[in-house]
Amino acid sequence: MFEKPEQTDIAIIGAGPAGVAAAVTAAHAGAQVTLLDESPRAGGQYYKQPALDAKDKQFPPTVAENIRKGRELLSDLQHSNINFQHSTLVWNVLPEERILNLYGPQGAQNLQAKRIIIAAGAYERVTPFTGWTKPGVTTVGGAQLLLKSQGLKIGQRLLLAGTGPLLQLAAVQFMEAGMEVAAILELQSRKEFLLKAPKLWGHWDKLGQGMANQKRLLEAGIPFKFGYTVAEATGDEEVNGAVIMKVNGKGIPVLGSEETIEVDTICLNYGFAPAVELARVAGCTMVFDKYFGSFAIETNENLETSVNAFFVAGETRGIGGVEVALLEGKLAGAIAGSQLGFTPKVDESNLRKEQQQARKAVAALGTMFPLKSGLCKLVKDEVPVCRCEEVTAGEVRRAIEMGVTQLNQLKPWTRVGMGRCQGRICGGILNQMLADETGVSISEIQPFTSRAPIKPVPMESVGGGDDSGEFTWEDHVGYGAART
Amino acid sequence: MTATRYKKIERGKPISIMVNGEAIEAFHGESIAAAMLASGRRAFRHTVKGKQARGFFCGMGMCFDCIATVDGVPHVRTCMTEVSPDCVVELE
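The listed protein sequences derive, respectively, from chains A and B. Each residue of the first sequence is one higher than the one before, counting from 1213 in our numbering. Each residue of the second sequence is one higher than the one before, counting from 133 in our numbering.
These aren't lab readings, by the way, just hints derived from the structure by calculation. Possibly wrong hints are sitting among the right ones.
[Said to hold, decoys possible] Below are the DSSO-like pairs computed for lysine-lysine, each with C-alpha atoms no more than 27 angstroms apart in a straight line:
#  : chain 1 : residue 1 : chain 2 : residue 2
1  : A       : Lys1267   : B       : Lys139
2  : B       : Lys183    : A       : Lys1589
3  : B       : Lys183    : A       : Lys1592
4  : A       : Lys1281   : A       : Lys1427
5  : B       : Lys139    : A       : Lys1269
6  : B       : Lys181    : A       : Lys1589
7  : A       : Lys1462   : A       : Lys1408
8  : B       : Lys140    : A       : Lys1427
9  : A       : Lys1572   : A       : Lys1411
10 : B       : Lys183    : A       : Lys1269
11 : A       : Lys1281   : B       : Lys139
12 : B       : Lys181    : A       : Lys1281
13 : A       : Lys1592   : B       : Lys181
14 : A       : Lys1403   : A       : Lys1437
The whole structure should be built from the sequences, with the hints applied where relevant.
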């Protein structure tokens, strides 16, 4: 079924800030590194580079600055010890043999490594409402990627909704590109924000960035509404407006506070959740990150997971942002390298100190912008919560009434999480719904079990399928049933 | 028209791709999703069960909302797939 695997010292999954930093550090120490990423280019989402043959100064200034910084980091990948395999999905892992099953431009491949570092990044959290599946509703990050990678303005008049500092940064970038930002809706109330703001005392760079963005939005006259959320995307087939509502401290919408607002695009970001599925297939133990309200992969202070020879770095260890990712990438690359007898050219104890400080600063930020399960009250019974299988909130609520308390019980009952995205979008939402309906804490609700292939791959890559060369539904595994 | 190309970026000569039998303009390096959005199309497909329109959502290859049949291969994520000259996209 599988050919003899290729060999490498260290395999790194994810070419975002953490993965690149790990690869560069390990390569400079002398290790042979294979860096793998599903995208055609390195950089991850944060340092996504333009797909066009364009000069960065042609981009809006804030985006251009981000592209330049990313390019500087990525230039270090030009090292003879680094083999970067782009457009390559790692869809399975055999932990004892330390073999990765890959699918890329050359088809199916296997790679065996002495150490494996998973730096898979994070996903954006969203929350459902009436009309949220309509074309014109996107994630904030998705709209940002269109701008920096494609030079495309997603809409003419935008509404940004969610919680956290990305909303303001993205609004500045959209504004610079000439898009009109109709309003920004921040889930937290002004009072909550001001009460928690002192936690950032001392973390001047984070405070400074936030205040600079806020000042620019204020000067541009863009309404910033604390304690608001989007309740409905209106329009026949596509978005032509939004209904927004006030929420109380628990996230429960305040009836009678509805306002309509004319926009063509609604961008959502309710923070991030770590991409843990590959590490979980490897068997790595998870831990609940109380600062960001999501499950992450547990490690010791060497960033080693519960599975021998497997490390995680950056967002996969818990939401941390770019500085944490860079520091943990370096640390994981250095430790994995020295375990194999190489000599990393970094000061490990200093690095560890910086990493711990950076984690602390980000934890403060995380507690300021919690997701609130009261938002589930907004979701009418007919609204699909699982986008892939089109399972409605009503179906999920009925299952909960019948006694379902865990995501893995909801799955066979309702088909949630059985579609193409494999629960990446609905998992976090269902977690909130279960917490809201049953009163159980989010940390007590186990995420969906992760299984290989972690994303749909053609049947040929797992050694099956027919030989006709024609693709059919049955030729893909990992899709669940072909219902949608 | 909702999505538009940022005008300050030089993109070289346009190429043409086919979407449901109609030629649309695209540029080297662009994703199929970006080219379709720039052509004024936001509904990329309709779901089998609910017949609901879907389009660009996550932009990073995780939601599978933007899939289409590309050069005969079904369910290709258009946000992750670059245009190629003469590529043929059929909406699902």
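Which earlier hints turn out false for this structure, listed by number in ascending order? Hints 10 and 12 are the ones this structure does not satisfy, whereas the remaining hints hold.
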